[in-house]
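Protein chains in written order, with the numbering used here: chain A, 1 to 340; chain B, 1 to 340.
Simulated from the structure, these hints should not be mistaken for laboratory data.
Any given hint could turn out to be false.
[Said to hold, decoys possible] Derived coverage of chain B by chain A (criterion: at least 3 residues anywhere in the stretch with Cβ under 8 Å from a Cβ of chain A; other residues may be distant): (1) 224-231; (2) 237-248; (3) 288-296.
Cβ atoms here follow ideal geometry from the backbone N, Cα and C, with glycine treated the same way.
Protein chains: 2
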Amino acid sequence: MIIDVHGHFTTAPPALQEFRDAQLAALSEGRASAPRMVWPDDAELRAAVEHHQLRVLRERGGDVVALSPRAAGMEHHVPDQPTAVAWARVCNDLVHRVCELFPDHVAGVAQLPQVPRGEMAPLVREARRCVELLGFVGVNLDPDPSGGRWEDPPLTDEHWFPLYEALVELDVPAMVHVSSSCSPALDTLGAHYLAADTAVFVQLMQGELFARFPGLRLVIPHGGGAVPFHWGRYRGLAARRGLPDPASLLDNVFFDTCVYHQRGVDLLLDVLPAHNVLFASEMLGAVRGADPETGIEWDDTLRYLRAAALSEHELAAVLGGNALRVYPRLARRLEGRASA
Amino acid sequence: MIIDVHGHFTTAPPALQEFRDAQLAALSEGRASAPRMVWPDDAELRAAVEHHQLRVLRERGGDVVALSPRAAGMEHHVPDQPTAVAWARVCNDLVHRVCELFPDHVAGVAQLPQVPRGEMAPLVREARRCVELLGFVGVNLDPDPSGGRWEDPPLTDEHWFPLYEALVELDVPAMVHVSSSCSPALDTLGAHYLAADTAVFVQLMQGELFARFPGLRLVIPHGGGAVPFHWGRYRGLAARRGLPDPASLLDNVFFDTCVYHQRGVDLLLDVLPAHNVLFASEMLGAVRGADPETGIEWDDTLRYLRAAALSEHELAAVLGGNALRVYPRLARRLEGRASA
Chain A
1 MIIDVHGHFT TAPPALQEFR DAQLAALSEG RASAPRMVWP DDAELRAAVE
51 HHQLRVLRER GGDVVALSPR AAGMEHHVPD QPTAVAWARV CNDLVHRVCE
101 LFPDHVAGVA QLPQVPRGEM APLVREARRC VELLGFVGVN LDPDPSGGRW
151 EDPPLTDEHW FPLYEALVEL DVPAMVHVSS SCSPALDTLG AHYLAADTAV
201 FVQLMQGELF ARFPGLRLVI PHGGGAVPFH WGRYRGLAAR RGLPDPASLL
251 DNVFFDTCVY HQRGVDLLLD VLPAHNVLFA SEMLGAVRGA DPETGIEWDD
301 TLRYLRAAAL SEHELAAVLG GNALRVYPRL ARRLEGRASA
Chain B
1 MIIDVHGHFT TAPPALQEFR DAQLAALSEG RASAPRMVWP DDAELRAAVE
51 HHQLRVLRER GGDVVALSPR AAGMEHHVPD QPTAVAWARV CNDLVHRVCE
101 LFPDHVAGVA QLPQVPRGEM APLVREARRC VELLGFVGVN LDPDPSGGRW
151 EDPPLTDEHW FPLYEALVEL DVPAMVHVSS SCSPALDTLG AHYLAADTAV
201 FVQLMQGELF ARFPGLRLVI PHGGGAVPFH WGRYRGLAAR RGLPDPASLL
251 DNVFFDTCVY HQRGVDLLLD VLPAHNVLFA SEMLGAVRGA DPETGIEWDD
301 TLRYLRAAAL SEHELAAVLG GNALRVYPRL ARRLEGRASA
C-alpha cells in the first residue's frame with residue numbers, strides 16, 4: 001500500500017475560484033451577502049482529478065493520496081471570520097466529493113477557517129464536521145495565518161490548545177502548512193513554505209507541547225524545510241539553551257518527503273529515522289515537469305525513495321506503513337473499503 | 001591560508017551594550033541627545049577577542065577571520081535613522097580597533113545603518129567610511145530590516161541599487177544577513193536566519209540583478225539556509241516559471257559553510273561547486289559547545305570540511321582561495337601585511 005500524504009486539489013474546476021473572487025469582491029465592497037457556489041457536476045469533478053492527481057499517482061505506482069484544498073488558496077490572512085468559514089466549507093466539501101468519487105484512492109484532509117489571531121472555536125467546528133461527517137483523515141494547520149508576518153503566537157502557546165484537544169479526541173494528525181505570503185520579498189512556494197516548516201520545528205523544540213498533548217501528531221511538510229540539513233544546528237541550539245535534544249520530538253513530529261532531488265531525499269533519510277518519514281509528493285504542487293538532465297519528474301519522490309539506501313522494511317514504512325499509523329482514520333477507511 | 005569569512009564580535013566589552021541601552025532609552029523617552037560611548041581600553045578589547053574568536057581560530061588551525069558586529073544586535077527594525085547611523089558607527093569602530101590590534105588575523109566587515117524601508121544614502125556613506133577609511137573588506141546587508149515581517153522590497157528591486165553601485169565600485173562583497181526577529185513565533189537563530197538565506201536566494205532567482213550588476217558579489221550564510229537541501233525544488237520552480245536555472249547565479253552568489261554536522265556539510269559540497277563555497281564557522285555564534293556523542297564542537301566546520309570528499313585543490317579553494325577572490329580587499333590587506 002503506497003500512500004501519498006500530501007496532495008492538493010490544485011486542479012479544481014473554475015467555479016471554485018469564481019466563488020472565491022465573489023467572496024473577496026463582496027468583502028472589499030463591504031457587502032454582507034455571501035456568494036453562492038455553483039457546484040460542478042460529477043463528470044467535471046471526476047475529470048479534474050482523473051487526468052491529474054490520479055493519473056500521476058497511478059503512473060508512478062501509488063495507491064492512495066491524502067488530498068487537501070490548494071494550500072496557497074487558503075489565504076488565511078484575509079481577516080474576516082465568516083468569510084474564512086464559508087471558504088473552508090466550500091473547499092472541503094469539494095474535496096469531499098472527490099473522495100466520494102474515488103473512495104479507494106482519495107482521502108480528505110481539511111482546510112481550517114483560520115484568520116490572523118483568530119479564535120479556535122470555528123477551527124474546531126470545521127475539523128469536527130470534516131472528520132466526523134465527511135470522513136476526513138487529517139487537517140492542515142497554518143502556523144502563520146498572517147501570511148509571512150508571524151503575528152500569531154507559536155504553536156506551543158495555549159492559544160492553540162482547544163484545537164489540539166479536538167485533534168487528539170478525533171485522532172487525526174495536523175499537517176503544519178502555511179498559505180500564501182503577503183510579501184513580494186517572501187516567495188510563497190520557494191521561501192515561505194520552507195521557512196514556516198523550519199520555524200515551527202524551532203517552536204516545538206522550545207515548548208513542552210507534547211508533554212501536555214502526548215497524543216498530538218504533527219506532520220511537517222517539504223522534508224521539514226531546512227531542518228534535516230541543519231540538524232546539527234538544532235542539536236547544538238538545544239544543548240546551548242538547556243532544551244531536550246530535538247530527537248525527543250520524534251514521537252509526535254513527522255516529516256514528508258517533498259524534496260525534489262535524490263541528494264536531498266538521501267539526506268532526509270540519513271538524518272531522520274525512517275519511522276518518522278512519510279511518502280508525499282505535494283502533487284500537483286509547487287513544481288511540475290521533469291528535470292531536463294535526467295528526464296525524471298521533479299516531484300516523483302517515489303523514485304528517489306526507491307533509489308535511497310533503505311531496507312525493504314524501512315521503505316515499506318515510509319511508503320505507507322507510517323501513514324497508516326499517523327493517520328489511523330485513513331487506515332480504518334481503507335480497511336472498511338477492503339472488507340466492503 | 002585558512003580564512004573564516006563569518007565571525008561576529010559577540011564578545012564585545014559591556015560598554016557596547018550599555019551604549020545601545022542608552023540609545024534605546026533616549027529613543028523611547030523621546031530625547032534627542034545621543035549617548036556617548038565609553039570606549040574600552042586596548043587591554044580589555046584584546047582580551048575580549050584573544051580568549052574567544054582568536055583562541056578558537058588558532059586551536060582549529062585557522063589564520064584569518066572576517067569579523068563583523070553581532071548580527072542579532074544590529075536591530076535594524078528600530079526605525080530611527082540617526083540612531084541606526086550612530087549605532088553602526090560605534091559597532092564598526094569597535095571592530096576596527098580589533099582589526100588594528102590583530103592586523104594579521106582579523107579583517108573588518110561592516111554593519112550598515114539600515115532601518116525598515118530606509119534610504120540607501122546612509123548605508124552608502126557608512127560602507128564607504130568603513131572600506132575606504134577603516135580598511136574593511138566587506139559589509140553585511142540585511143534583506144529584511146523589519147525583523148521578520150519582510151516589509152522591504154526584494155533585493156532585486158531598484159530600491160537597493162545605489163548601495164550595489166557603491167559595493168561594486170569599492171569591490172567588496174555583501175554577506176546577506178538579517179538581524180533579530182521581532183516575532184516570538186520566529187526564532188532568530190533557529191528560524192529567521194535560515195529563512196532569510198532561503199528567501200533571498202529565491203529573490204535572486206526571480207530578478208535579473210546580476211545582468212545589471214555583473215560585478216556584485218553576495219555571500220549567503222548558513223550554507224544557504226534550505227537552498228542546497230531543496231536544490232531540486234529551485235531548479236523545478238525556475239523551469240516552471242521560465243527562469244534561468246539557479247546555477248546561473250553562481251558567478252555572483254556564494255555560500256558559507258556554517259552548517260553544523262558532517263552530513264549537512266557533505267550535502268552542501270555535493271550540490272554546490274567548491275568554487276562557490278567559503279569556509280566559515282559563525283564563531284562565536286549561534287551554537288557553542290560540543291556534540292556529546294562525538295566530542296566535536298558543533299561549529300568546528302573546518303573539521304567537517306577536512307573530512308568531506310574534496311580534492312586537495314578544492315579544499316584549498318574552500319578554506320581560503322575562494323575568500324581571497326570574493327574579498328579582494330582582504331587579499332590586498334594580507335599581501336600588504338606579508339610584504340611589510
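Evaluated hints:
| no. | hint | in the structure |
| --- | --- | --- |
| 1 | 224-231 | holds (count 6) |
| 2 | 237-248 | holds (count 3) |
| 3 | 288-296 | holds (count 4) |
Of the numbered hints listed earlier, not one is contradicted by the structure.
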